[in-house]
Structures are given as structure tokens and as C-alpha cells.
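Peer 1: Construct the entire structure; sequences and hints are all you get.
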Amino acid sequence: MLRNRRNRFFSPPLFIQRHEFVIEFVKASRPRTLLDLGCSECSLLRKLRFHRHGLEVLAGVDIDGTAIRQNMYALAPLMTEYLQPSARPLTIQLYQGSITETEPCTKGFDLITCMEVMEHLHLWELGRFSDVLFEHMEPRTVIISTPNSDFNPLFPGLTGFRHKDHKFEWTRAQFQAWADGVCRRYGYSVEFTGVGEAPGDTRDVGFCSQVGVFHKVDGDLNAQMNNMEQEPIVYQLLYRVVYPSLCDNNIFQRTVISEALYRAEKLKTEWLKAQEGEQYDFTTSEHMLPAAELYRQGSLVCVPLISVWAASTVRALCRNIQHLRATLQVDLRIQLDADREAIMLPDDYEEEEEETDEDGKAECVPLSVNDNVIEDWESEL
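The sequence shown begins at 4 in the numbering used here and counts up by one.
Among the hints, erroneous ones may be present.
With a straight-line Cα cutoff of 30 angstroms, these simulated BS3-like cross-link-like pairs (lysine-lysine) come out [unchecked claim]: (1) Lys-219 to Lys-50; (2) Lys-30 to Lys-50; (3) Lys-30 to Lys-219; (4) Lys-30 to Lys-167; (5) Lys-170 to Lys-50; (6) Lys-219 to Lys-170.
Cβ-Cβ distance ranges computed for the label pairs, FRET-style [what the hints assert, rightly or not]: (7) Asp-221 to Ala-176: 24 to 32 angstroms; (8) Arg-243 to Lys-30: 46 to 54 angstroms; (9) Gln-325 to Ser-14: 49 to 57 angstroms; (10) Arg-91 to Lys-167: 50 to 58 angstroms; (11) His-169 to Ile-254: 39 to 47 angstroms.
Derived by calculation from the structure, the hints in this document are not laboratory data.
The structure presented is a predicted model; accordingly, all values stated were derived computationally and were not measured.
C-beta: ideal position from N, C-alpha, C; glycine also.
Peer 2: Below is the structure:
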């Protein structure tokens, strides 16, 4: 009930504001790898896969394996991911484990998020949590959010903590004192902010969720990566998926061929219409005016590669015509001319005419009727 009241208290709801804070940070700092501690229902990860901004690895860990299993398939690639693969790869991995235990796979991340999680730990566990996060994992950046107890009096009817599982809730002074101690011990700096502004003249209590953004100051961030294989693996990998991307050579080749054939067929259709005397304005087409004229070679229509490459979708895939040619010529479905300067496509109009002629030459054979056969309509019914 309290959560519903808090959601009505803020617009958009507070959890969405926390997600948007992380998304905006990712957009600005462009980390390549991100680990979400206490990922639970994977709601943040589900949003981040649509707001990658350079992210290539998304990982999550939670002690509740059931929560992960119930939500992990929502992170599977959509059909559009296969139809329009992204330029960069994306791997998503979900683990069951405790954030107070050291685990080799959690080392070396660019960004670690820990949103509304630390208050679920006992106070005596915070020392271990700090060691694991800032010394063992040693990410470049950490974003931690936790309830601001200074804000609690503004919630009508709230007594005690905001959630029954919270072991503590800190004031701004308490959170900042802990964060400053972490920075001195592990070599980080911290900036304080938050989400969920108080209304009107009560803003002196601070944000509803206080946020600390920690940045590694110095040291070799990858120094401990070399010892990963020497440490025991304690987390259980529950889910792993690799999204289709153009970094996969097979996917790249299929995408180029699909785009090139679409462009070539479109140009062929437009050119054939013009040959039949149909008025067609190339300048208003979704394609630009071809860079080279199409031509016939026997019953085939030849579409110059320069015209195919003129499409923005093809240029985005192939850096030049040579790259396009090299990709096309290894596929048996593509027929290039002798000089490998044009795609050769069948003239569909001529094929239709040939089929019509053949149909016209077909003999009409009368059906023989057996007079001795007596139809029994009643038995048919």
C-alpha cells in the first residue's frame, strides 16, 4: 500500500525516475559494460536494452533466483532484433548470488548500479558489501541509491521504514558519511544527488531517494582481472543471451544481401515502368536518382552496383562499392555481370508474357463422360 501511495506522490513514479537517472547517465558517459546489483525482476535491465548508447554487456545479480527465473525471458531479443540487427553486439547475463560474496565474473565493469538495495542488508554486512563492491569488483563508476529518511515525515501514515524488509534507512548526513569513508578507503570520489523532489516549501528535506555517484580516482582498474581464474566461482549463471548484431559475419552478410536485393528490385521495377512509358518521378521516390542507368542483357535487367550502393541503408553497411561487391559475390543467390559491376535480375514482365503464351497454346481436351455411370445424388448426400 505504501508503495502505491508513493507512486501517486510522484509523477512519474519514483522507480521510473531512478531508471531514467541511470539511462541518462549511460547516455552521457557511454559505458561498455554494466552490472546491476539486486536486479530482482530485471526491470532496469529491460529498459537499458532499448537505451544502450554503446552498452555491449548487461549483467544482473540477485540473491532471489526465483525472481530472476520468472522474468529473465523478458530480456530475450525481439523479432525486430533479427530483422534489423544492431551495429554493436549485446550480451545479457543474469546470476544468482549474494552481493556480499566475491565472484570473478563481477570484476572490471565500467558501471555498476545498486538501486534501493543496500538498505536490505544488515548494518553489520555493509563493511563486507563495501569491500566486495569497491575493492573486489572495482568498477570505474558506481551509482547507489537508498531511501532518504529525512523525507519520510512527508508520507502520510508512514511509521517506521518504507518497506518491511528494510534493515535501516539513512538520513542524508548518514549516507554521506558512509560514502565519504568509502572514498577515502578505496580511492573513489563521490557526487550526491537524488530523485523525487519534495513539494513546495518542504524541499529542504532533500530528495526522496538519495543517490551517490562514485568515480574511481586512480589505480589500475584492470589489475585484478588477471587473477579471475584463480578464484572460486560462487554465482550461478541462470540466463545468457547474445543479441544478433552486424558483428556476426553471417548476420552481416544476410543483411547486406537483403538490403541490396531490395534496392535492386525497387530500381528494376521503377526502370521497367519508365520503359513502358509510365510517368515516374525518381526524385520523389524513396530512392535517389540512380547514379548509373539500368540496361538489359538478354532477358535480364542489369542494375549497376553504384546505383545499389546509392541507397543510404546499403552505404551504412558497406563503406564502399568494393566492400559491397565482395559481400555479394560470395552468395550464390546473387548473379553479377561479367565485370561484376551490376546485379542481374530477371525481367518479371517478360516471364509473365511467356507464361501467358504457353497457356494460350495449351490444347483444350474435352472431358469424357461415361454414359453408363448413373449418378446417385441421395447417396452422395
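Peer 1: None of the hints should be skipped; say for each whether it holds.
Peer 2: Right, here's what the structure says about each hint:
Annotation: proposed proximity of Lys-219 to Lys-50 holds, straight-line Cα distance about 26 angstroms (limit 30 angstroms). Proximity of Lys-30 to Lys-50 is assessed by CA-CA distance (about 13 angstroms); at most 30 angstroms being required, the pair is judged to hold. With a C-alpha separation of about 19 angstroms, the suggested pairing of Lys-30 with Lys-219 holds against the 30 angstroms cut-off. Our distance criterion of 30 angstroms between C-alpha atoms is broken by Lys-30 and Lys-167, whose separation comes to about 34 angstroms.
Taking the CA atoms of Lys-170 and Lys-50, the gap is about 28 angstroms. The hint holds against a cut of 30 angstroms. A hinted pair counts as satisfied when its Cα atoms are at most 30 angstroms apart, and Lys-219 with Lys-170 qualifies at roughly 28 angstroms. Restraint check, Asp-221 to Ala-176: a C-beta distance of roughly 28 angstroms satisfies the suggested window 24 to 32 angstroms. For the hinted restraint 46 to 54 angstroms between Arg-243 and Lys-30, the CB-CB distance of approximately 26 angstroms leaves it violated.
One distance hint, 49 to 57 angstroms for the beta-carbon pair Gln-325 and Ser-14, holds here, with the actual separation near 55 angstroms. Checking the proposed 50 to 58 angstroms range against Arg-91 and Lys-167 shows it is violated: the Cβ atoms sit about 42 angstroms from each other. With their beta carbons about 46 angstroms apart, His-169 and Ile-254 fall inside the hinted range of 39 to 47 angstroms.
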